[in-house]
Amino acid sequence: MPKRGYIAMNASGYILFHTSSAAFRAERLATRSGLAAPRLVPTPRELSSDCGVCLRFEAPASSPGEAPGGPPADPSGEAAARAARVARDWLERERIPYDQVVAPG
Amino acid sequence: MGARVVYLDNAATSWPKPPCVAEAMAAFLRDSGGNPGRSGHRLSVAAGRVVAEAREAAARALGLSDPLRLAFTANATAALNVGIAGLAGPGDRIVVDAMAHNACARPLSEAARRGAEIDWAPVDGAGRLDLDLLEDLVAGRRGPGGGPGRGARVGRKAARLVVLTHGSNVSGALQDLAAVATIAELAGAVLLVDAAQTAGLEDIGLDSLPGAVVAFTGHKAMLGPGGTGGLAFGTGVDPEACAPLLRGGTGSASESEEHPAFMPDRFEAGTLNGPGLAGLLSGLSWIEASGRAELRAAELRLTERLAAGLRELPGVQVLGPRPGERRCPVLSIRAGLIDPASLALALDERHGVLCRVGLHCAPRAHRSLGTFPGGAVRLSPGPFLSDDDIDYALGAVEACLKEGTSP
Chain A
1 MPKRGYIAMN ASGYILFHTS SAAFRAERLA TRSGLAAPRL VPTPRELSSD CGVCLRFEAP
61 ASSPGEAPGG PPADPSGEAA ARAARVARDW LERERIPYDQ VVAPG
Chain B
1001 MGARVVYLDN AATSWPKPPC VAEAMAAFLR DSGGNPGRSG HRLSVAAGRV VAEAREAAAR
1061 ALGLSDPLRL AFTANATAAL NVGIAGLAGP GDRIVVDAMA HNACARPLSE AARRGAEIDW
1121 APVDGAGRLD LDLLEDLVAG RRGPGGGPGR GARVGRKAAR LVVLTHGSNV SGALQDLAAV
1181 ATIAELAGAV LLVDAAQTAG LEDIGLDSLP GAVVAFTGHK AMLGPGGTGG LAFGTGVDPE
1241 ACAPLLRGGT GSASESEEHP AFMPDRFEAG TLNGPGLAGL LSGLSWIEAS GRAELRAAEL
1301 RLTERLAAGL RELPGVQVLG PRPGERRCPV LSIRAGLIDP ASLALALDER HGVLCRVGLH
1361 CAPRAHRSLG TFPGGAVRLS PGPFLSDDDI DYALGAVEAC LKEGTSP
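From first to last, the protein sequence lines are chains A and B.
Residues in the first sequence are numbered from 1 upward in steps of one, following our numbering.
Residues in the second sequence are numbered from 1001 upward in steps of one, following our numbering.
The set of hints was computed from the structure by calculation and includes no laboratory data.
Do not rely on the hints blindly, as some may be mistaken.
[What the hints assert, rightly or not] Some, not all, of what chain B presents toward chain A, calculated at C-beta under 10 Å:
#1 1032
#2 1036
#3 1052
#4 1055
#5 1056
#6 1063
#7 1066
#8 1246
#9 1247
#10 1251
#11 1252
#12 1259
#13 1262
#14 1264
#15 1265
Heads up, the beta-carbon is just placed ideally off N, CA and C, and yes, glycines get one too.
Turn these sequences into a full structure, and let the hints guide you.
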């Protein structure tokens, strides 16, 4: 996760968008994303100077698509990379333009 | 006269709106009054969700599967100004139909002052385009000619932009959108559609018109409030090739003093009309629940009933398509030498029948129909009228013609 002098609040992943309209579009389609616990949140300052929102998600401990609210995120390794890949694949599939996917951890 | 009001001015703005529209606007102001897309707190997010839903609903109404290709504007006029200024420039040729509203004609006059060449495509006495003529004109095979005749054979460059009035706000003539889109596509031109009278009611099918850009308003057939509208890009037109008219805050790319190129922020500088878009979403939802095709069929039936009754009145000339021809629910009449303004006033004051008189911001259309400069009386049904309302209005017109319209 890029650092800009702020302290990361948790080990979540984030999808950053150029426009909040894309973020809201993503939120509306998130139920079919396969991401764990996707949620629209204010963009953490450490990730962007923008004043908008982004989509936060967690790295599931096991396979992607597992029900939200499961076991706590595995902040390192394969699960995080896999969650980020799930996010990118989903965004491409839905043709939602995005800025970047920040893997959990 | 009693207090009965029959509102036949839905082409100006639809009224009444479904009751849920006002409720949705009040709820937005009361419960989700943050600035959509400007902050991350719950009220801003709630407002942003309403705008996102409205964007999806408007895109569905236009047959556009990617809502992010749709930008909201203040109205259709704003959208048409963006499209005309942004999709063609000095030295480009623009072809426009002779039923155009001033929302197209005036920006086109400005485009001409800046060096664009404007050719008017002729229409027949009902306002329908001659597609063969249009094709030649767009391709540059013929000049515009004078009046309804064919222009001289020429070899000119193809048009860069075709501007089409989908449904006439004067005669109700409905053009063949798919055919015009094909003509534009064959010539390599972008098609800018003025869908002010049709969006929300007619099938636009934008996904199947990749070279088209559609300007729409929210306060007519979409049943939303004034101050809503937008511009939607077909998949073959790059929005980044269309310059915006307004630049400013978007809540995005805030570190930059350059206006963003990406959709929809490119055309959404400044705070969006949140309450208005909440109302638009509600109007569109009401249409979806009621069935757009059913509403269209009902309004067209009322329009045909009105037209048929008017044609039976002595001295009344009904402008526009003949019975059964493709049209939108708008028609205009002339009644001999009776001043349209005095007829409209008598209809309002004596009978509570509300209609629109004059040139309807479309002088070129009235020239095409032979009603310039006197104008006409326009009657445009909406979704909340009944057969009885139409019959009442017919009786009112008949009474005014019999009694005379002098005060």
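- Message: Can you verify the interface hint for residue 1265 of chain B: is its Cβ closer than 10 Å to any Cβ in chain A?
- Response: OK, holds: residue 1265 of chain B within 10 Å of chain A, min 5 Å.
| said: Checking hints one by one. Is residue 1066 of chain B an interface residue toward chain A, by the C-beta closer than 10 Å rule? | reply: holds, 6 Å
Status of the residue 1055 of chain B interface restraint (C-beta, 10 Å, chain A): holds, 7 Å
Is the interface hint satisfied for residue 1246 of chain B? The criterion is a beta-carbon contact with chain A at less than 10 Å.
Since the shortest Cβ distance to chain A is 16 Å, the answer is violated.
So, residue 1259 of chain B near chain A? Judge it on the closest CB pair being under 10 Å. violated, 12 Å
Hold the hint about residue 1063 of chain B up to the distance rule: shortest CB distance to chain A must be less than 10 Å. violated, 17 Å
Hint check: is the beta carbon of residue 1052 of chain B less than 10 Å from a beta carbon of chain A? Where the cut-off is 10 Å and the nearest Cβ of chain A is about 3 Å from residue 1052 of chain B, the hint holds.
**Hint check, residue 1262 of chain B versus chain A [nearest Cβ-Cβ separation less than 10 Å]** = For residue 1262 of chain B, the interface hint holds, since the closest Cβ of chain A sits about 5 Å away, which is under 10 Å.
*Would the hint on residue 1056 of chain B stand, with a C-beta cut-off of 10 Å toward chain A?*
holds, 7 Å
Discussion item. Given residue 1251 of chain B as an interface hint, is its Cβ closer than 10 Å to any Cβ of chain A?
Written reply: holds, 5 Å
Review point. Once the shortest beta carbon distance from residue 1032 of chain B to chain A is found, is it less than 10 Å?
Key: violated, 13 Å
Supplied contact hint for residue 1247 of chain B, tested at 10 Å Cβ to chain A: Interface hint status for residue 1247 of chain B: violated (15 Å vs cutoff 10 Å).
Comparing the model with each numbered hint stated earlier shows that hints 1, 6, 8, 9, 12 do not hold.
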